[in-house]
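2 protein chains.
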Amino acid sequence: MLTDEMVEQFQKAINSPTRMLKEKADLVSYSYDGSFGTYLPELVIQPMSTQEVVSIVKVANQYRVPLYPRGRGTSLSGGPLPVHGGVVLDFSQWNQKLEIDSDDTIAVVSPGVLTAEIDKAAKKYGLMYPPDPSSAHVSTIGGNLAENAGGPRGLKYGVTKDYVLGLEVVTPEGEVIKTGGRTIKNVTGYDLTKLIVGSEGTLGIITEATLQLVPRPQATGTMMVIFDDIVDAGRAISKVLTSGILPSKMEIMDQASIIAVEEYESVGLPTDVDAIILIELDGHPVAIADECKQVEQVCLMVGAREVQIAANDVAAAKLWKARKLVSPAIVRKKPTKISEDATIPRSKIPEMFKRLKQIKEKYNIDLVVFGHAGDGNLHPNIITDKRDKEEMKRVELAVAEIFETAIQLGGTLSGEHGIGTMKTPFMKMELGEAGLDMMKRMKSAWDPKNIMNPGKVFPENENQRLVLVDE
Amino acid sequence: MLTDEMVEQFQKAINSPTRMLKEKADLVSYSYDGSFGTYLPELVIQPMSTQEVVSIVKVANQYRVPLYPRGRGTSLSGGPLPVHGGVVLDFSQWNQKLEIDSDDTIAVVSPGVLTAEIDKAAKKYGLMYPPDPSSAHVSTIGGNLAENAGGPRGLKYGVTKDYVLGLEVVTPEGEVIKTGGRTIKNVTGYDLTKLIVGSEGTLGIITEATLQLVPRPQATGTMMVIFDDIVDAGRAISKVLTSGILPSKMEIMDQASIIAVEEYESVGLPTDVDAIILIELDGHPVAIADECKQVEQVCLMVGAREVQIAANDVAAAKLWKARKLVSPAIVRKKPTKISEDATIPRSKIPEMFKRLKQIKEKYNIDLVVFGHAGDGNLHPNIITDKRDKEEMKRVELAVAEIFETAIQLGGTLSGEHGIGTMKTPFMKMELGEAGLDMMKRMKSAWDPKNIMNPGKVFPENENQRLVLVDE
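As you go down the protein sequences, you meet chains B and X in turn. Straight run, no breaks: the first sequence in full-length UniProt numbering ends on number 471. Straight run, no breaks: the second sequence in full-length UniProt numbering ends on number 471.
No lab work stands behind these hints, which were simulated from the structure alone. Watch out, some of these pointers could steer you wrong.
Identical chains share a label here; the pair holds if one copy fits it or two copies do between them.
Said to hold, decoys possible - Quick list of in silico lysine-lysine cross-link-like pairs, DSBU-like style, CA-CA up to 30 Å: (1) 239 / 178; (2) 58 / 24; (3) 22 / 449; (4) 97 / 12; (5) 97 / 239; (6) 123 / 239; (7) 321 / 386; (8) 428 / 97; (9) 354 / 178; (10) 449 / 428; (11) 239 / 120; (12) 440 / 178; (13) 124 / 239; (14) 293 / 123; (15) 428 / 58.
Next up, chain B with everything else stripped away, as it sits in the complex (with noise of 0.2 Å):
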């Protein structure tokens, strides 16, 4: 509990009293995410400069008070959720930094600054930043940052981690550390800045970020591939990466996603097919006309029963949309969606849908399948009502089931959402007893207090498990 006397000390640690919260109807919009679950903070600090973010640190570690940064609670898996009452510090406001040296192909940014806004700004300059989640028109880079964002684009420019060059952070004990730098080459040292990216924050709070920027391809090319058999789906996708040709973006849809856009809003997908992968191209537009037919041989081989090339960029954006329409198309069914992204090695995309039907059949729960099939990282989503406790019993089992798979699988519980206080039950099972040791011991030496963001990433006790439902 915070007495005033910390109270006191918090806002003395800002410049301007109207930065601090603390009016019930204020706290209980910063109680939630995108995830499960809601808890109140204590406070909520809304940060605008290094200094402050030092200050209250410091105030922090003195009465050792949790402290929670937040973005715009776009978060899967619970992030910035309050879990152990304390501080939250909202970044949202501090969006004031975003420049672009064009010469060093890099952007500076403040943390508050919406990705989307990065991408618009480097733009001008020819340029791209390309990770691309598709929360990037409301999250901040901020949250992209601690959770280490992915996206479509992920296939061909990776996640958010490779395109950040450095960081200013402050320390869990108020020291401020600069990481990295401007260069793309640097082995200064260990590699504090790809350990802070994805570290949920949990290890630091990110006040600057200097992110990488690449040359804006000339030109993009878009291609739906429709399939009577998912598997042959599968096999396309690495029959493309191994001719010699880089996708920008390979995203899949089985049949219950296609019926449900198409349920939402028709956009003219064939709704009798097994799957669909629709295919971006990017970079020189002469090589992406033939880029374009190569891929439709490979994939008419390996058994697609039909290639469809968009015309142009309205016939392109028309099948992108239909990508987007699928997470509001299955809410519309029931008000509870559960995004997943357990992430598996390319060759399992197969077997990973095949075990996903068996799955939905067992727990006869509601699960569509979509994402970002290139990479391996899909996306099931079980739709469900919270409200429906009898239900939700079946989706956490069925839920765990799906991590399951996907390390028995030989892949990963998070592709790019994170762990939060959703997945922590499941650290061990991934990474061992000697792996999270490692991990612990890092936090233990960075926060002894630990008052970063504490009750994420780690299990905090041996007998913790999923639980979607408000017990």
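Assemble chain X onto chain B, guided by the hints.
Same frame as chain B, now just chain X:
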């Protein structure tokens, strides 16, 4: 000092007595690398399985014996040198595993595999392993991983770290952990993979790596751009990269390196110029042809004297041969070559060249500059004779000033060679007290007895300074 008991315990840790070297004549071969200083190990072991490494580490832990993992000893920063006595672990014999899984586009390798062999194996499947350090044909992947090796392709493809999906690591206390996996996306806990790559053998021993392969580009195109003023060369690089084109390589050679090459073996380079840039584009053949023309336009616009596009593979090979000849050419003058890799933001290349010229004059040394200009990773090479102690003193000062300059210009001590023993005195200058402290905490948390490659990365005392002369 190793006792007989310790040697006996180490002997028991491996399956074959022939893989343990005790004779002075053998030990001498392990006393140096590609950098400076000689340190005789007390024992050399050649492990060939994870279980052997575990057993060795447990013995080392019990007796607090330092361990120094080593590949083929091509390190330019002292990485494998046994500076505090103890045991060198020679991994060059453990090269049996090199498996390509083309469906998952990955390679799984044992630590002693030569790096160039991986790309060669990948080629059979239409795939590529992009990292291409100059030493690729003689250095092991284990060493490349430990040092996070770079190379010319870093500009477009990034460095070793960007292609490591998973590792098997024996911790400093002898536990086996698996980091990452076989998927591109993985956000399950802290990124131990990218922490261990580049940690120079100080955090554990890599016993297996899973590497990401990419589709092999269908074609390449090479061009030479000639500049009367190196400042224009710097501008050309930025201009090309903001015109929507990402070359696979952009290598610069200053006049001194050009002349050295022409004197060594005439390749037909123009010697009356300030600098040349060699550019390689890769991808679709039609795109390359068009992009070469675009690059030519851009370069001429910013003041290039002339652009020569290689008409065919033979002409291209000749140009790249010139680049490769720089190192052998410059050591003809004097026997000792100090190859630095201070790296700066790309926009600072012209300024860096100016400063390097000043340093050359100030200390009256023979300085040649070439390297990976596209990513700011220059290689200032000092040509000297280590027996000339008077000159070596000036060289020491010059090297120190090169490091200071790189950091002043927003760059880093090391782009791709590592810190090793050579650059430890400068770590605090770049990282600051707090930054260095956070790295040390990780080292202590993982290796409390400091047996893993001690004397590397971290300065051992406050007054440590660069010493290139054996005193």
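Could you tell me which of the hints above the structure violates, numbers in ascending order?
-> Structure breaks no hint.
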